[in-house]
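> Residue strings, one per chain:
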Amino acid sequence: MTEENNTSIFETKKKTITGTQTCGCADNCCETPAIQTTTSKIIFADRLDHLLARLGWNRLNHSVEPGLYRLGDPDAESPVFASANYTLSFDALRSSLAGIDAWILVLDTKGINVWCAAGKGTFGTDELVHRIESTGLAGIVSHRKIIVPQLGAPGVFWPEVVQRTKFIVEYGPVRANDLPEYLKTHTATPDMRCVKFSLRDRLVLTPVEFMHFALPTVAISAALWFLAGPFAALAAVSAVLSGTVLFPLLLPVIPTRDFSTKGMILGVIVSLPFAYVFGTTPGLPMWAGALSAVAALLLIPAVIAYLALNFTGCSTFTSRMGVKKEIFSYVKVMAGMAAVGVISGIILGVSKIMGVI
Amino acid sequence: MFNSYTETSLSFDSALCINCKRCTQVCPHAVFTAGPTCVSLDRPSACMECGACALNCPVQAITVQSGVGCAWAMIGAALRGKDMDTESCCGENGSCCGNSGSKQKASVCDCGKKER
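As you go down the protein sequences, you meet chains W and U in turn.
Heads up: the first sequence at position 15 corresponds to 970 in the numbering used here, and the numbers run straight through without jumps.
Heads up: the second sequence at position 110 corresponds to 136 in the numbering used here, and the numbers run straight through without jumps.
The shape of chain U in the complex, shown without the other chains:
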């Protein structure tokens, strides 16, 4: 009750994990815990969907629909009839972090990571 943060879009496939532990280094909320053969997803509800783990996982064992949880931008997008999911928090009149910037366009890399 009164908790909208019980579920996230984070998912982890332990079978793919190569135990590089990068996710444990980049997660600011200790969502993953290091283990002997692979990491474990211990605190999924603490995930804030920043996407650092998924982007830095070299074998794509982690997926998450990353984005900034900025109500201001999302309500603004909804009111303008735009997609709430693709609107970044930092529009022209963004509330939290200034002006707009180009979204990162990562190119395809040899290790199978798709375009982001």
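Only chain W is shown next, with the shape it has when bound in the complex:
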């Protein structure tokens, strides 16, 4: 473990470079920029970090130090790649470049991945220019080309980078593992340019989705257990698991394009067994059975539809205009369903406490 840690990116050896600097900033131009060393090897500590990041554990601390990194034994002719200082982004890049000598310029994106950071502008023109200048990149490489991940493009205005640093921005492929193929011709195929949202891509998002709602789910389930029994608690857990795990996995196969209606469809399917069991509970008056079934049929689809709508933020293809339309079309319906469901539950609870049922 200790030996492994020695080669980890977190235990990087700092090498100091000498030579002329091109930093235009008067305040920090006298500090010698350090080049850090990294490898393309992913070790156990990295994998553990990836797992914790995927689980949303300490989510803002999965970051590497911004700056210039040496991968392999690069020289002045070696390619320069830009990356975010989120470990998953940085590790995807370095592990894809196994056997390639290169420079990696890590931007300070506050531990956020390339695409999200580009959308927010932290992976952006100013930060790219700042890192090129502060690392003295122009004095290190002889060429004037920097390969920026394609998904960084929403934050980078390339003509301004050229104008301010004389570095040409070349947009690499979407996925880092296409880089070795890309480097042969410096041209990305149409396939390399497209984002996909595969089952695996969606699967890795589900733990964080679930963790967001884990605490309220436990609280509500516990309350339902005492008020209405274990099956009611199971209904609450099923609704949240369906919305945060099952929905992302089944996304492409559920009919309709809108996430809200997809969630509603899944919700109705999930709620049916619960509605049936509630509605046919022995010893319950018919009106109470019917009201329990209605509560399940309204509440579960409303919860799943809402969780489904929230998944738009994780998907790779929903536009803001469309999401806004969805909100205006369906949130009132979801809220109405949830309200009627909750009122039904309250009526049942009060009836039970008062001994009516």
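Just so you know, these hints were derived from the structure itself, not from any lab.
Since the model is a prediction, treat every value here as computed from it, not as a measurement.
Careful: at least some of the hints might be erroneous.
Said to hold, decoys possible - The list that follows gives simulated cross-link-like pairs (lysine-lysine, DSS-like), each with its CA atoms no further than 30 Å apart:
id, chain 1, residue 1, chain 2, residue 2
1, U, Lys-108, W, Lys-1287
2, W, Lys-1307, W, Lys-1279
3, W, Lys-1279, U, Lys-108
Starting from the known structure of chain W, fit chain U onto it as the hints suggest.
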């Protein structure tokens, strides 16, 4: 029916296009297709309004109201009485990508690109 994604804010003026093909390189959904004299807007409904094409177009032939389609943030903004269009997806308690960060402030550049 049940498709809110038929229209987007994307627009393209082919008369301004200088055929640099940057939009075809940055678009993750192949919305633009390269052509002999200029690109063509072939799949507008596939646009997710990320804004990469418009930002990287050196002649402003493309415009789009870019933003992250994050329902969580937009509903939160609406509930707090804020503007749904300006709210970023990554608020203090953002759901999809962590903490807040400063929005990019691109300065005016010689080639006519306005402040963003």
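> Mind listing which of the numbered hints don't hold for this structure, in increasing order?
Violated hint: only 2; rest satisfied.
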